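Visitor: Below are the chains, spelled out letter by letter.
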Amino acid sequence: MTAQQEQALGIVRERIVGFLASRIGRDGAEDLAQEVVIVLMEKYAQIDRIEDLLPLSVQIAKFKMMSRGRKERRAGIEGAVPVEDLQIADGRIDHAEELIRRQKTDRLIAAVAKLGERCRELFRLKLEGKDYEEIRGIMGARSMGAVYTWDHRCRQQISEYLGGKL
Amino acid sequence: MSDSEDAKLVAGYGTNTLNDAETARLWRAAAADQSVFDDIMQEQDTRDLLDDFTCRKRVLDALRRQSATPAWLARFTFVRPSAWAFAGAMAATVLILFTLRFGHEQRPEDYTVALSAGPSISMRDLVIQRRSASDNTADPVLALPPQRSIDVEFGLNKGGTRPVYRPGEAMRMGFKVRTDANVVLVETRADGSEVQLFPNFYISSSRVQANQQVLIPPAGQGDMQVEGPPGPRRVRILVTPPEVDPLKLDRSGMSALAGRVTVMEREYFVQAEK
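Residue numbers (the working numbering), protein chains in the order written: chain F, 1 to 166; chain R, 167 to 440.
Same shape as in the complex, but just chain R:
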């Protein structure tokens, strides 16, 4: 390993922490020093792993759990005897909140949305057709592998790894981003066709504000009735920074965004009609 400061930036390469200037410095160091290049090649495994939303979240959750415990214990030791009652109550509250937040690994399927009371609409009246079953062109939205850069939650009205729906059954989806962003949801069906769930015929813009729950169909509308070919379906959520319009990107433009976007996938299954 080179002793130069630029060579130390390899540690930031694996976690995708480097800004543009640091990235350029690192690659110049790699051009000058074989050991730096070797370190980058070895760090690529870590980078690939942490680019995956689920893996990154698991490591982060483990770290948060580990760092949270000693800090809370340390605070308890400083509570004066006269304040034990108050401290006990606070500790119980904190423990409850801590358990709720970190007590289990949050998976994408843990986030569920409620069904609406209003009359349902057909799924085909909401979605925008992106690709027919016979169309073999590559969709730019599918260009990137799952990865995580922007915090996002996505869920259906049913939990589980792969919820099952009957044709005509009511369905609702929802998502929330932590920062302002652009979001596109595309569903790939068993026959190879693709429909765009968001933006849709009700909401024409992909722009979403921070911490605002977006529902599909939108709030105020009834739920959508599942329709279309039976079989597994994969919903892909693509979240880009607000200055990037994902609907205007071609495949190479999308590939250039790697590391700056969040790509999540969620599956559900539609039963065949009896």
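Same shape as in the complex, but just chain F:
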């Protein structure tokens, strides 16, 4: 492992622990961060730039958290099913997941509907696949910084309308 990679993995560990400590406890956060770092070391040994390692760590952490949730549910008494009844996943989205997704979409639509006209326009352009440079041209902003600031404020409003969580 190079010194640069070691330093980058240290930052990854610190960020994940920092995010998760208040959510799942310090010990759990450190365990999960360690699992993420091990995956990065084993599977992505050739990557040493922090801007490449952090996005990977977010994805891995997300999957690890989902896996942790599944394990905890399996270990619990409530909802336990006999081993002979266990189903093999068929790869399709299940109905519960579909319902949650639909509810989240409804909440996002409701939050976006409360935005001012400029924010709604900006959000629409983003969903249509425009990048910030194109949005700057369409909306007539003087600089990219102005578009970033508009979008940042719009996101804060959406987050507020959503109560901080989608």
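If you're looking for bench data, these hints aren't it; they were derived computationally from the structure.
The reader is advised that the hints may include incorrect statements.
What the hints assert, rightly or not - Residues from chain F that keep clear of chain R, each with C-beta distances beyond 10 Å, as calculated: (1) A45; (2) D48; (3) H95; (4) E160.
Said to hold, decoys possible - Listed below are several chain F residues computed to face chain R (Cβ distance under 8 Å; list not exhaustive): (5) I50; (6) V58; (7) I109; (8) T149; (9) L166.
This one's a predicted model, so the numbers in the text were calculated from it and none came from an experiment.
Every residue, glycine too, gets a C-beta built ideally from N, C-alpha and C.
Got chain F sorted already, so can you dock chain R onto it with the hints?
Guide: Coordinates of chain R only, in the frame set by chain F:
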């Protein structure tokens, strides 16, 4: 939240708006500031949701409906009295078009294709076998979850959420992309086998031009007769940018394309033979 400009890019992360340079700036900001990293982790939910074609389209349609109404009303208020008759006719036309376009949520199953008048061909004479029922290897085409980056419409000759076909019944599929792209259609059957519907024995290239309706079987051929094992079938449409050949990608190459491709799925059902 950090006050730096790079930290503001989190808003673009959720909607997958950032270019490569902006993405690198954001992650460097996250490396330097825990609050930026926390914001990204929270924004991941929005990103996952909007990566799904159906969810993204629902939000976009709602936004379009909302932004379209005040704009049209504003125009009506500027019509001079001498032009009321003309404006009224225009308004009626616009309302009809608006209702047709935005009046209901367009779902993938709303797009249907017509059957051909020519003699039918067997499905097995068109498709390319990708995986047998006993083959357990992972297919790269199935690597990514449903998501939307490139506009695409796909339909069968029957509407509904899960149309039902009888063995031997005529079937036709069709799709259209808004920009030049490469497209692969793979069908997973109830016995676990997989066949490739496009490209097929009639059309060997995955390249598709913008706004051109592609039919399966191709235009000029008759429809295909449904064959194979009964039960549910899932058709997966994978659309990649024109510079990417999806048939040459392995699983990791496919995973690296996340966010730049469209993956849609549509189900239909084949009844058992009586």
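Visitor: Beyond 10 Å from chain R, beta-carbon-wise, is E160 (chain F)?
Guide: holds, 13 Å
Visitor: If I take the minimum Cβ distance from A45 (chain F) to any residue of chain R, is it greater than 10 Å?
Guide: holds, 14 Å
Visitor: Just to be careful: measuring from the Cβ of L166 (chain F) to every Cβ in chain R, is the smallest value less than 8 Å?
Guide: The hint holds - L166 (chain F) has a Cβ within 8 Å of chain R, the shortest such distance being about 4 Å.
Visitor: Regarding the hint that T149 (chain F) lies at the interface with chain R, is the smallest CB-CB distance below 8 Å?
Guide: holds, 6 Å
Visitor: Report holds if the minimum CB distance from D48 (chain F) to chain R is greater than 10 Å, and violated otherwise.
Guide: holds, 13 Å
Visitor: Beyond 10 Å on every Cβ pair: is that true for H95 (chain F) relative to chain R?
Guide: holds, 13 Å
Visitor: Let me know if the C-beta of I109 (chain F) comes in closer than 8 Å to any C-beta of chain R, holds or violated.
Guide: holds, 5 Å
Visitor: Is the shortest C-beta separation between I50 (chain F) and chain R less than 8 Å?
Guide: I50 (chain F) check passes; min Cβ-Cβ to chain R is 4 Å, inside 8 Å.
Visitor: Closer than 8 Å between Cβ atoms is the bar; does V58 (chain F) clear it against chain R? Give me holds or violated.
Guide: holds, 6 Å
When the structure is compared with the earlier hints, no violation turns up for any of them.
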